[in-house]
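Residues per chain, in single letters:
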Amino acid sequence: MLGAKWCTVILLLIPCLFGIVHFGPRAALILLVAVSVAVLTSVLPRLMDSRPCHWFNPGTIITGLLIGMTVTDQIPIYMVIAGVIVAEMPAKLAFKWFHANPFNPALLGRGFIAILESIDPRSQGLSAARDVDLVSGASVLFKDEGGLFRPGLLDSFLGFTPGSIGDTSALALILCGFFLLRYVVLKREACLSMILSVPLFVFLLPETNLSLGHAPWVSNPALYLIGGPTLLCAVFFLTDPSTTPRTRIGSVLFGLGAAFLGVMGRKYTQIPGVEMYGILVMNFARPLLDRVAIKLVPLRDSNDSEPLQEHESSGFVSEVFTPTSGSCPSFETYQKKGEFSCIKSLISSGELEKVPGRLKKLGHTGRGGGHFPVWKKWESALRSGLEPYLIVNAQEGDPFTFKDRYLMQNHIEVVAESIAIAAMSLKARKTLVVLSPEMTKERRSLAVALRNLNQIPGVEFQFEMRRGDGSYICGEESALIHFLEHSYAQAQERPPHPTEQGLHAIPTVVQNLETLSWLPLLLSNSCEGGDQSYLVSISGAVNSPGVYEVKKGTLLNQLAKIAGGELNGGQPSGYILAGVGGVMIPSSLGAVPYDPDKLSKMDATIGTGSFRVLPPGTCVVEESLRDLEFLAAESCGRCTPCRVGLSELAESWAALCRGEVDSDQFLNIQDLKSVLQLTSACGLGRSAPAQIHSILRHWPEEIVFHLRGLNSRRCRQEPTSQEVR
Amino acid sequence: MKKFQIQIDEKEVLVSPGTTLVQAIRDSGGSILTWCHSKGQKSPSVCRLCSVGVKGMDRLVPACSTLVQPGMEIKVETNLVQKSRQMNLRLMLKEHDTCDRRICQLCKVAQEEGVPLNISHNAPGERIRSFEYLSYDPSPCARCDRCVTSCSVTGVIERKPSELHYPFFALQDPLHTSCTGCGDCAASCKTGALVASEV
Numbered sequence: 001m002l003g004a005k006w007c008t009v010i011l012l013l014i015p016c017l018f019g020i021v022h023f024g025p026r027a028a029l030i031l032l033v034a035v036s037v038a039v040l041t042s043v044l045p046r047l048m049d050s051r052p053c054h055w056f057n058p059g060t061i062i063t064g065l066l067i068g069m070t071v072t073d074q075i076p077i078y079m080v081i082a083g084v085i086v087a088e089m090p091a092k093l094a095f096k097w098f099h100a101n102p103f104n105p106a107l108l109g110r111g112f113i114a115i116l117e118s119i120d121p122r123s124q125g126l127s128a129a130r131d132v133d134l135v136s137g138a139s140v141l142f143k144d145e146g147g148l149f150r151p152g153l154l155d156s157f158l159g160f161t162p163g164s165i166g167d168t169s170a171l172a173l174i175l176c177g178f179f180l181l182r183y184v185v186l187k188r189e190a191c192l193s194m195i196l197s198v199p200l201f202v203f204l205l206p207e208t209n210l211s212l213g214h215a216p217w218v219s220n221p222a223l224y225l226i227g228g229p230t231l232l233c234a235v236f237f238l239t240d241p242s243t244t245p246r247t248r249i250g251s252v253l254f255g256l257g258a259a260f261l262g263v264m265g266r267k268y269t270q271i272p273g274v275e276m277y278g279i280l281v282m283n284f285a286r287p288l289l290d291r292v293a294i295k296l297v298p299l300r301d302s303n304d305s306e307p308l309q310e311h312e313s314s315g316f317v318s319e320v321f322t323p324t325s326g327s328c329p330s331f332e333t334y335q336k337k338g339e340f341s342c343i344k345s346l347i348s349s350g351e352l353e354k355v356p357g358r359l360k361k362l363g364h365t366g367r368g369g370g371h372f373p374v375w376k377k378w379e380s381a382l383r384s385g386l387e388p389y390l391i392v393n394a395q396e397g398d399p400f401t402f403k404d405r406y407l408m409q410n411h412i413e414v415v416a417e418s419i420a421i422a423a424m425s426l427k428a429r430k431t432l433v434v435l436s437p438e439m440t441k442e443r444r445s446l447a448v449a450l451r452n453l454n455q456i457p458g459v460e461f462q463f464e465m466r467r468g469d470g471s472y473i474c475g476e477e478s479a480l481i482h483f484l485e486h487s488y489a490q491a492q493e494r495p496p497h498p499t500e501q502g503l504h505a506i507p508t509v510v511q512n513l514e515t516l517s518w519l520p521l522l523l524s525n526s527c528e529g530g531d532q533s534y535l536v537s538i539s540g541a542v543n544s545p546g547v548y549e550v551k552k553g554t555l556l557n558q559l560a561k562i563a564g565g566e567l568n569g570g571q572p573s574g575y576i577l578a579g580v581g582g583v584m585i586p587s588s589l590g591a592v593p594y595d596p597d598k599l600s601k602m603d604a605t606i607g608t609g610s611f612r613v614l615p616p617g618t619c620v621v622e623e624s625l626r627d628l629e630f631l632a633a634e635s636c637g638r639c640t641p642c643r644v645g646l647s648e649l650a651e652s653w654a655a656l657c658r659g660e661v662d663s664d665q666f667l668n669i670q671d672l673k674s675v676l677q678l679t680s681a682c683g684l685g686r687s688a689p690a691q692i693h694s695i696l697r698h699w700p701e702e703i704v705f706h707l708r709g710l711n712s713r714r715c716r717q718e719p720t721s722q723e724v725r
Numbered sequence: 001m002k003k004f005q006i007q008i009d010e011k012e013v014l015v016s017p018g019t020t021l022v023q024a025i026r027d028s029g030g031s032i033l034t035w036c037h038s039k040g041q042k043s044p045s046v047c048r049l050c051s052v053g054v055k056g057m058d059r060l061v062p063a064c065s066t067l068v069q070p071g072m073e074i075k076v077e078t079n080l081v082q083k084s085r086q087m088n089l090r091l092m093l094k095e096h097d098t099c100d101r102r103i104c105q106l107c108k109v110a111q112e113e114g115v116p117l118n119i120s121h122n123a124p125g126e127r128i129r130s131f132e133y134l135s136y137d138p139s140p141c142a143r144c145d146r147c148v149t150s151c152s153v154t155g156v157i158e159r160k161p162s163e164l165h166y167p168f169f170a171l172q173d174p175l176h177t178s179c180t181g182c183g184d185c186a187a188s189c190k191t192g193a194l195v196a197s198e199v
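As they're listed, the protein sequences go chains A and B. Here the first sequence is numbered in my numbering, starting from 1 and rising by one per residue. Here the second sequence is numbered in my numbering, starting from 1 and rising by one per residue.
The set of hints was computed from the structure by calculation and includes no laboratory data. Just so it is clear, CB atoms sit at the ideal spot from N, CA and C, and this is done for glycine as well. The reader is advised that the hints may include incorrect statements.
[To be verified] According to the in silico footprint, chain B covers these stretches of chain A (three or more CB under 8 Å from chain B):
#, segment
1, 80-92
2, 642-648
3, 668-675
[Unchecked claim] Just a few of them, taken from the derived set where beta-carbon distance is under 10 Å, the chain A residues facing chain B:
#, residue
4, F56
5, F201
6, P241
7, R246
8, K360
9, H364
10, G366
11, H486
12, S524
13, P593
14, D597
15, R638
16, C639
17, A681
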């Protein structure tokens, strides 16, 4: 449970403690300095930005300890500090930036110390031996180069020899290595192959005159292993996951190579600390080793038994409704005033910066479903001082909303102008217009309109047309941003809100296309009554379904008349407002004005502006089941209540439709519904049970009729619900 | 930054800004169940088991990622919070088909919370997806994103929307993945779904 890296830190303490006991307080001081400098260096960039920082990162502590362990207790402190800084700063930061660092950072730091040692006269003065010795006659990587000291087997094994702090005791290293390999690291091959092959190479490679200058243990395989730096290198540097090969065979080759280079170096060259360079060379060869390994043993094809599949968006293309009729008088009168009159006058009078303030006075609210005041979003995004992104969401994942499509088909100039006004008054660094995949014609015409607009003098904004996935979840701002970043939609936890940290962590304003389309009308005062009209997508049992402009306060039962009257003239059984996750209102309550404030008293919203007229004799339970199943399929699957709960709710609701639910089981449905509303991460899960809520409120008898044993209707088994009545 | 007062179950508690509700509750001596949140990491807030009530909000908030605000009144030990926690646990168990009872923490937590287990057998399932150093069994997987947040390299494990929402190894080929095989994801897994494969 502790995590591999923390376990490594604890295991590293074994040889460290031995070193402190053996070498005394100065060893403790060096280790302490190394670790604290490493920790400080790693948090420095965040500290300078005064961002909250995570002080104890196990990786940093490991690097500090390793560098401390590979130096002697006599080393000048400044060298330790410099080495640690090199390991932490250039080596690790480069890893962060480029996502690939071929070299082990601790070894790079140690290499830098080696350079310092070779130029600092003090380190030579420490040694009584010849010039070959760069450090005090002993360090892990330069162990006993002078050959002054002739270690015994037992002494070397227990560690009572001179050397560097963490390296002398083979016992401590073997103990530590055993736990590390058995319980902590996954890649054991490199370490084991190095330890096993080193004695072999020592035995096989012939002696030469060159090796005379070297330590006496070089010629004895057993003493080489326990007296030399092999163990420390193998246990700690060859188990680092990020610089060793990804494949098993590659790791074995890596260990063999490191062992060969090390023994070769010891026997035939006089380079001090040759193991270190051997490992660095092998680090560099890592990709090559992986390639060789895959050539040698091809990977198992794990895709054969593979039930996992990439997501295919459920789309809902088959039910996309193309509006045939509609009327938006405000837009038509505005267009008669002349092309782009609003943006031209805004530019000539230099009033673009005042737009957020004017929107605050007008009280314009969003039309994408949330009814959030537009100025609040803009103000919050502008507060940071960074140029925000503007995302225009015209995806309309809701199958019963088609106002954006209508606007693009009939009033493309107004749409383009509104996008330009928003982009320029927000000083957006880029405007992304996201359209659903089936809006092919609209995408082209909008792109042309935006490009033409950009050629008008004074108008300047960057835009990009993006193809969305048409999913319902993309109505949630954070999910849309996630889609633009990762090409699949997933709702994110808020806060931070997108206006603070949105696309690529830059403040982002996400607005629905209709919300923006009202801007030129409102700003040029050509809209009668200010923010008092809504575009409503009227569908269902009406003669001419389409998009209609509706004044605030129009009664709900008049909306059907606007759209050509009810089909066949019957009294509708109810209305569904606000789309799939919306509310149902019985036609007996149809005298409610279409007004967000008045509707909120009935727990209703106007949402995305969709209005469905249910034909006479509709079974509301069955009607809501269709929407529930749609929502369950569209869930992004991130949080538990929505992923599991919503599909369970849809299943239970289907069982209710079939008359298989008794009153006890219905209590479970109600629990599930309240958990969904209370604990879901985003609006999809929270609003999904809204129709059930309305049925419980307005049609409680319908539920009773569907319960098992009580006048069961079994809707889903009958041909149509109308025939049942 | 100055400390301020919040209320946790009618008890006044002094907290410093920037602490999460989970920390504040635990510092005040209370206890709260968390699952997907691992210490020292940004919580994915996926499991929703730590949902608590905050006065003035019409929904519960995840305590693992919500930060304290002056004057907050948090309700932890209420019937509603307990009920929704149990319900969410039950939902998590619904996807939890098989598991090794010795490893699995989810079954242990469920038993402590009094949520009935509906697993008929505890034999480990067939490991269907194996990486060079890791193997994955989807049947005990709780889809909690712990492995996703534990991974320090971006793009190795993601939970792409597949049919059943498994965490997804973005790239399989060791040559082209940035997975280093550090084993953090396997260590973070509490159900035994993701384990380091034996040699």
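Checked hints:
For the segment 80-92 of chain A, the stated coverage by chain B is violated: 0 residues have a C-beta nearer than 8 Å to a C-beta of that chain, whereas at least 3 were required. Against chain B, the segment 642-648 of chain A contributes 4 residues with a C-beta closer than 8 Å to a partner C-beta. That satisfies the three-residue criterion, and the hint holds. Closer than 8 Å: that is the beta-carbon criterion, and the segment 668-675 of chain A has 4 residues meeting it against chain B, so the requirement of 3 holds. Look at F56(A): its Cβ gets to within about 8 Å of chain B, closer than 10 Å, so that hint holds up.
Annotation: F201(A) was flagged as interfacial toward chain B, and the flag is violated, the nearest CB pair being 23 Å apart, outside 10 Å. Because the beta carbon of P241(A) sits about 4 Å from the nearest beta carbon in chain B, less than 10 Å, this interface hint is met. At about 3 Å, the closest approach between the beta carbon of R246(A) and any beta carbon in chain B falls short of 10 Å, and the interface hint on this residue holds. A hinted interface residue such as K360(A) counts as satisfied when its beta carbon comes closer than 10 Å to some beta carbon of chain B; here the least separation is about 24 Å, so the hint is violated.
Checking H364(A) against chain B by beta carbon gives a least distance of about 25 Å; that is not within 10 Å, so the hint is violated. A cut of 10 Å between beta carbons decides the hint on G366(A): the least distance to chain B is about 19 Å, and the hint is violated. At about 8 Å, the closest approach between the beta carbon of H486(A) and any beta carbon in chain B falls short of 10 Å, and the interface hint on this residue holds. Of the supplied interface hints, the one on S524(A) is violated, with its beta-carbon coming no nearer than about 38 Å to a beta-carbon of chain B, more than 10 Å.
Given the 10 Å rule on beta carbons, the hint for P593(A) is violated: about 24 Å separates it from the nearest Cβ of chain B. Interface restraint check for D597(A): the shortest CB-CB distance to chain B comes to about 17 Å, outside 10 Å, so the restraint is violated. Interface restraint check: R638(A) against chain B, minimum CB-CB distance 6 Å, threshold 10 Å, status holds. Hint status for C639(A) relative to chain B: holds, with the closest Cβ pair at about 5 Å, below 10 Å.
Because the smallest distance between the Cβ of A681(A) and any Cβ of chain B comes to about 7 Å, under 10 Å, the interface hint for this residue holds.
Of the numbered hints stated above, those contradicted by the structure are hints 1, 5, 8, 9, 10, 12, 13, 14, listed in ascending order.
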